[in-house]
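Chain X is already provided as a structure; the job is to place chain B on it using the hints.
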Amino acid sequence: MTLDMLTALFVFMLATFLGLDIIRRVSRLLHTPLMSLTNAISAVAVVGALLLAGEAHDTLSTVLGAVAVFASTTNFVSGFLITDRMLRMFKKRETPKS
Amino acid sequence: MTGAAELCYFAAAPLFILALRWMSSPETARRAVFSAVVAMGLAIGGTLLQPTIHTFTWIGIAVLAGFLVGVPLSRVPLTAVPERTGLSQAFGGLAVALVGIAKYYLWLQEGVLTPFKMGVIGGEVILGCLTCTGGLLAAAKLAEMIPTRPITYRGQNIVSFALLAIALALAGLLIYNPFMSWAFPIIIAIGLIFGVMLILPIGGADMPTVISFLNSYAGLSAVALGFVLENKLLIVAGALDGSSGFVLSIIMCKAMNRSVTNVLFGAFGSVQAAKALGEKKTAKSATSADAAQILAAAGTVVIVPGYGMAVAQAQHRVRDLYELLSKKGVDVKFAVHPVAGRMPGHMNVLLAEAEIPYDRLVEMDDINPEMPQVDVCLVIGANDVVNPAARSDSTSPIFGMPIIDADKAHTVMAIKRSMNPGFAGIDNELYYANNTLMLFGDAKAVISDVVKELSGENAS
Chain X
351 MTLDMLTALF VFMLATFLGL DIIRRVSRLL HTPLMSLTNA ISAVAVVGAL
401 LLAGEAHDTL STVLGAVAVF ASTTNFVSGF LITDRMLRMF KKRETPKS
Chain B
139 MTGAAELCYF AAAPLFILAL RWMSSPETAR RAVFSAVVAM GLAIGGTLLQ
189 PTIHTFTWIG IAVLAGFLVG VPLSRVPLTA VPERTGLSQA FGGLAVALVG
239 IAKYYLWLQE GVLTPFKMGV IGGEVILGCL TCTGGLLAAA KLAEMIPTRP
289 ITYRGQNIVS FALLAIALAL AGLLIYNPFM SWAFPIIIAI GLIFGVMLIL
339 PIGGADMPTV ISFLNSYAGL SAVALGFVLE NKLLIVAGAL DGSSGFVLSI
389 IMCKAMNRSV TNVLFGAFGS VQAAKALGEK KTAKSATSAD AAQILAAAGT
439 VVIVPGYGMA VAQAQHRVRD LYELLSKKGV DVKFAVHPVA GRMPGHMNVL
489 LAEAEIPYDR LVEMDDINPE MPQVDVCLVI GANDVVNPAA RSDSTSPIFG
539 MPIIDADKAH TVMAIKRSMN PGFAGIDNEL YYANNTLMLF GDAKAVISDV
589 VKELSGENAS
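Chains as they are written, first to last, in the numbering used here: chain X, 351 to 448; chain B, 139 to 598.
Hints listed in this document are in silico derivations from the structure and should not be mistaken for laboratory results.
Computed from a prediction, not measured in an experiment: that's the story for all the values here.
There's no promise every hint is true.
Unchecked claim - Facing chain X, a subset of chain B residues (Cβ under 7 Å, in silico):
1) S163
2) P164
3) V175
4) W196
5) I197
6) A200
7) L232
8) A233
9) V234
10) V237
11) A360
12) L363
13) A377
14) P482
As the list claims (entries may be wrong) - Stretches of chain B that chain X covers, calculated by requiring three or more beta carbons in the stretch to come under 8 Å of a beta carbon on chain X:
15) 238–247
16) 382–396
Stated by the list, open to error - Residues on chain B that point at chain X, a partial pick, calculated with CB under 10 Å:
17) A174
18) A356
19) S359
A virtual CB, placed ideally from N, CA and C, is assigned to each residue, including glycine.
One chain only, chain X, in its complex shape (with noise of 0.2 Å):
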């Protein structure tokens, strides 16, 4: 093992821990929206995807690249969309009527 992927595991045991943290603070109201953000999120593989398709190196990788940048590109678009729709949804009380 090279010492960049003791590094990579590095982060990914603290982004673990700080992400447990995080999401115990998050509203019990906002679990779903929460769902579709980090849905969202994930789709950050995009940049794997992004290379593998503009790299170009043969057809088989870019053909799969491409599937996978529509694959992801539809996740982050869809996912960001419905979460900041359901989101506009949470209202507070309006000021009492009279």
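This is chain B only, laid out in the frame that chain X set:
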């Protein structure tokens, strides 16, 4: 990797973290989406700056197609959000698996497959594939395109894990010698099959937990891809998503008093037959006029909504009821059980869509101590989550599950189509209690009638 790209990734990571941080309250939550969008933009922008990218044709077409599919997918009705989530997990798994597969063949040709790289590719492809088919199947179950009951056979867990063991052994073989490329497609196939086998034995009632687990898998596959590409942003973002799914599934399990292994391998709901009642009990029924009168005279009303309310599309009528009662000075609250709905927090979203203010939605643990002081508890389309047997009857399959103590309110009113037992086939003592009045009928029709009675009273 160029410095500019590294900088973009470096800036994106804290923005993702802040995004999740801002989900802690509805007041800051919309900022969360903004922050995550900026982070995603940075990640994509940084990647496109890489000099190794020399053609944008395929990227352009794929991104355009992604928008064309993604925008309509974001407009589904909110009752269909669980299916959309499952589908999106499938897409996430697919993307990760495809990148891993392409990397294997590329690096095999270039001869740069170190044992470590081969190991992470193996793990990544298995995770990606099982998330893909698992997500698809979960979406199909949630959309009721396939039966939601658990599909089981003898020795199921053994077969599933034998398959997974074969896949891991083959991955081990490839680490030893990456040129045995015949093994790689088998790993892919097993990953895909394993995803199906993971979801088949799980029943409809456990879908909220499973969908959270899949979220975790989707995050972890992004982490695995981060290891393959040595990209720390992917590792951070994936780890955040992975832990999010994990925390949510634990919350769901606790709310059902089940262990994680029991949900995943227990096939709940497959064997329980409805328990025969020892004696014939009678329930008292009431008309909507009675109900309106009781509600109008109450000081505090707690409404317990279940998924049945959403199925009957009654949430907007419930909002009308809430507004009428509030205007009359009645204190109306909504008690939301953690597993109400078909995914974590689903009921809150459905109520928010009906424009019920979120500060009126109260969690189970906060409302229970208040229940003995509540005048009227109105149960709409909920059943197991208010079943007192969970507290008192140790032979009940739901014994030990935390419930909303509806029975402790002075008067309980339950809207139900008939006296048939609910989803899990468990009889509910609550309906026969002395302080319970049954309102028989479709939830939407009953509430509309009650609202009419109330507003008529108002006019006269």
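We went through each hint and held it up to the structure:
1. S163: 6 Å, holds
2. P164: 4 Å, holds
3. V175: At about 5 Å, which falls below the 7 Å cut-off, the nearest Cβ of chain X leaves the hint on V175/B intact, so it holds.
4. W196: 4 Å, holds
5. I197: With a minimum Cβ separation of about 5 Å from chain X (threshold 7 Å), the hint on I197/B holds.
6. A200: 4 Å, holds
7. L232: Holds: closest Cβ of chain X sits about 5 Å from L232/B, inside 7 Å.
8. A233: 4 Å, holds
9. V234: Holds, because the Cβ-Cβ distance from V234/B to chain X comes to roughly 5 Å (cut-off 7 Å).
10. V237: OK, holds: V237/B within 7 Å of chain X, min 4 Å.
11. A360: Constraint on A360/B satisfied, holds at 5 Å.
12. L363: Since the shortest Cβ distance to chain X is 5 Å, the answer is holds.
13. A377: With a minimum Cβ separation of about 4 Å from chain X (threshold 7 Å), the hint on A377/B holds.
14. P482: 4 Å, holds
15. 238–247: Coverage by chain X holds for the stretch 238–247 of chain B (5 residues, Cβ < 8 Å).
16. 382–396: holds (count 6)
17. A174: 6 Å, holds
18. A356: Since chain X brings a Cβ to about 5 Å from A356/B, closer than 10 Å, the hint holds.
19. S359: Check passed: Cβ of S359/B comes within 8 Å of chain X, closer than 10 Å.
When held up to the earlier numbered hints, the structure conflicts with none and fits them all.
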